[in-house]
Amino acid sequence: MGNQVDNKYTWLIKNLSSVSCQTIYSNIILMAGYKWQILAYPKGKNGNQWFCLDLELLDCGSFPSQWKRAVKFSFTVVNYFSKKLSKEIGLTHWFHKKERSKGISMLPLSQLTDKQSGFLVDGEVEVVVRINVHETDPLFDGSKDEVATTLVRTVKPNDDGAMSSKANLVYVNGFQVLPSQVGFVRRIFGKHPDTAVECCTKNQDLRTSYINVLFTLIKMLYKRAQDQSTDDLSDAEAALAYMKSVGFKLNWLEKKLVEVKENNKRCDRVTELEQQLQDLMNKYTSVGQQLEKERAEIKKATSPDISFNDVV
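In UniProt numbering, the protein residues as written are 1 to 312.
In short, the hints are calculated from the structure, not lab data.
Every residue, glycine too, gets a C-beta built ideally from N, C-alpha and C.
Take the hints with a grain of salt, since some may be wrong.
[What the hints assert, rightly or not] In silico lysine-lysine, PhoX-like type, Cα no more than 20 Å apart, as pairs:
#1 Lys97 / Lys249
#2 Lys255 / Lys293
#3 Lys223 / Lys98
#4 Lys8 / Lys102
#5 Lys68 / Lys249
#6 Lys98 / Lys35
#7 Lys43 / Lys102
#8 Lys223 / Lys293
#9 Lys249 / Lys98
#10 Lys244 / Lys202
#11 Lys244 / Lys72
#12 Lys115 / Lys8
#13 Lys8 / Lys72
#14 Lys219 / Lys249
#15 Lys256 / Lys191
#16 Lys255 / Lys191
#17 Lys72 / Lys98
#18 Lys45 / Lys8
#19 Lys283 / Lys223
#20 Lys115 / Lys87
[Claimed, not checked] Pairwise CB distance ranges, derived in the manner of DEER restraints:
#21 Leu233 / Gly33: 43 to 51 Å
#22 Gln278 / Lys98: 53 to 61 Å
#23 Leu91 / Ser65: 19 to 27 Å
#24 Gly44 / Val128: 32 to 40 Å
#25 Leu233 / Gly190: 25 to 33 Å
#26 Tyr80 / Tyr242: 40 to 48 Å
#27 Phe184 / Lys265: 47 to 55 Å
#28 Arg130 / Ser105: 37 to 45 Å
#29 Asn15 / Lys191: 43 to 51 Å
#30 Gly44 / Lys98: 37 to 45 Å
#31 Ile218 / Val270: 19 to 27 Å
#32 Ser17 / Asp194: 31 to 39 Å
#33 Ser65 / Lys202: 39 to 47 Å
#34 Gly44 / Leu85: 17 to 25 Å
Could you build the full structure based on these sequences and the hints that come with them?
In structure tokens:
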């Protein structure tokens with residue numbers, strides 16, 4: 001049972017406490033030009049004991065392969081005792097053909113089913129979803145090239161006669177980069193297509209700064225071990241955390257960072273063992289020299305050139 005007004009859809013789930021199925025499906029929702037469906041998990045999802053809700057995009061099989069949209073949506077579990085106690089969680093997520101649903105853990109099942117909480121009354125739970133779909137970069141318009149669209153900017157010289165750094169920038173996977181960086185960016189997104197699917201900002205200056213941080217991070221992690229310092233790895237770890245916070249999926253770089261740290265530990269261990277070996281060799285040389293000296297003294301003391309008559 002549901003009711004829709006503009007970008008808001010209200011779903012009344014009846015007999016929630018008595019359902020035996022793991023997943024409950026809402027009616028199909030037509031909103032912002034697309035078909036959606038809400039999935040509720042009355043017994044928790046993937047083993048967690050939370051009331052979870054998923055927003056799923058339907059019928060996107062016919063969309064262009066590089067189609068994606070930034071969708072700002074929120075779920076509200078209504079509190080019957082007081083609207084102020086209702087639980088609302090919202091986020092922005094990139095929907096595309098390989099990731100057509102996004103879930104939110106709303107509240108613990110123990111809180112949902114508590115008769116004193118006000119969320120479950122007479123076996124009914126009321127869920128409200130609000131959906132706003134935002135346009136995305138020209139790259140993902142189906143009428144454009146699916147790999148890259150070139151954008152040459154006309155800019156005026158600066159006061160000193162130099163050209164702006166934004167001249168001749170190229171769009172690749174929704175990011176403005178220098179022509180010299182195009183091949184590198186294509187290789188990144190070709191091998192790791194989900195790298196920036198959750199980077200939702202449209203500000204191209206920010207997006208360009210993000211991609212430059214990514215370049216620097218890759219260079220730092222792929223340097224020779226002997227050229228990497230402890231400070232470099234600390235900076236790389238901080239940069240990686242920052243990139244994740246702005247929506248980049250960098251599991252592949254996280255794995256590389258772990259590998260680099262382990263390799264650096266091995267290098268430190270090798271250096272330590274080499275020093276121990278050098279110390280042992282120095283000690284061996286010193287002991288050998290002392291041994292030869294003692295042997296010489298023994299030989300001298302027992303020399304046959306000294307007869308009995310020489311000492312008596």
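We went through each hint and held it up to the structure:
1. With a C-alpha separation of about 17 Å, the suggested pair Lys97 and Lys249 falls inside the 20 Å cut-off, and the hint holds.
2. In summary, the hint linking Lys255 to Lys293 is not supported, as the alpha carbons are separated by about 57 Å, beyond the 20 Å threshold.
3. The suggested pairing of Lys223 with Lys98 is violated, with an alpha-carbon distance near 33 Å, which exceeds 20 Å.
4. Straight-line distance between C-alpha atoms of Lys8 and Lys102 comes to about 17 Å, which keeps the hinted pair within the 20 Å bound.
5. Under the criterion of a C-alpha separation no larger than 20 Å, the hint pairing Lys68 with Lys249 is consistent with the structure, at around 16 Å.
6. Distance restraint check for Lys98 and Lys35: the Cα-Cα separation of roughly 16 Å lies within the 20 Å cut-off, and the hinted pair is therefore satisfied.
7. At roughly 18 Å between alpha-carbon atoms, Lys43 and Lys102 fall within 20 Å of each other, so this suggested pair holds.
8. Under the criterion of a C-alpha separation no larger than 20 Å, the hint pairing Lys223 with Lys293 is inconsistent with the structure, at around 50 Å.
9. Of the supplied pair hints, the one linking Lys249 and Lys98 holds, its CA atoms being roughly 14 Å apart against a limit of 20 Å.
10. Our distance criterion of 20 Å between C-alpha atoms is met by Lys244 and Lys202, whose separation comes to about 17 Å.
11. A distance of roughly 19 Å separates the Cα atoms of Lys244 and Lys72; the hinted pair therefore holds under the 20 Å criterion.
12. A C-alpha spacing of about 27 Å is found between Lys115 and Lys8, which places the hinted pair above 20 Å, so the restraint is violated.
13. As the CA atoms of Lys8 and Lys72 are separated by approximately 12 Å, the hinted pair is consistent with the 20 Å bound.
14. Under the criterion of a C-alpha separation no larger than 20 Å, the hint pairing Lys219 with Lys249 is consistent with the structure, at around 18 Å.
15. Of the pairs offered as hints, the one joining Lys256 and Lys191 holds, with about 15 Å between alpha carbons and a cut-off of 20 Å not exceeded.
16. About 15 Å separates the Cα atoms of Lys255 and Lys191, which keeps this hinted pair within 20 Å; it holds.
17. Pair hint Lys72 plus Lys98 holds up; C-alpha atoms about 18 Å apart against a cutoff of 20 Å.
18. Under the criterion of a C-alpha separation no larger than 20 Å, the hint pairing Lys45 with Lys8 is inconsistent with the structure, at around 25 Å.
19. For a cut-off of 20 Å, the pair hint linking Lys283 to Lys223 is broken: about 36 Å separates their Cα positions.
20. Between Lys115 and Lys87 the alpha-carbon distance is near 16 Å, which keeps this suggested pair within the 20 Å criterion.
21. Separated by about 47 Å at the C-beta atoms, Leu233 and Gly33 satisfy the suggested range of 43 to 51 Å.
22. Checked against the hint of 53 to 61 Å, the C-beta distance between Gln278 and Lys98 comes to roughly 55 Å, which is consistent with it.
23. As the Cβ distance of Leu91 to Ser65 is approximately 25 Å, the hint placing it in 19 to 27 Å holds.
24. Our hint of 32 to 40 Å for Gly44 and Val128 is violated, since their Cβ atoms are close to 21 Å apart.
25. Checked against the hint of 25 to 33 Å, the pair Leu233 and Gly190 passes, with Cβ atoms roughly 27 Å apart.
26. Taken as a hint, the range 40 to 48 Å holds for the pair Tyr80 and Tyr242, whose Cβ atoms sit roughly 42 Å apart.
27. At roughly 29 Å, the beta carbons of Phe184 and Lys265 sit outside the given window of 47 to 55 Å.
28. At about 18 Å, the beta-carbon gap between Arg130 and Ser105 misses the expected band of 37 to 45 Å.
29. Roughly 48 Å separates the CB atoms of Asn15 and Lys191, a value that falls within the hinted 43 to 51 Å.
30. Checking the proposed 37 to 45 Å range against Gly44 and Lys98 shows it is violated: the Cβ atoms sit about 25 Å from each other.
31. At roughly 26 Å, the beta carbons of Ile218 and Val270 sit within the given window of 19 to 27 Å.
32. Judged by the Cβ atoms, the range 31 to 39 Å given for Ser17 and Asp194 holds: they are separated by roughly 38 Å.
33. With their beta carbons about 22 Å apart, Ser65 and Lys202 fall outside the hinted range of 39 to 47 Å.
34. The hinted window of 17 to 25 Å between Gly44 and Leu85 holds, with their beta carbons roughly 22 Å apart.
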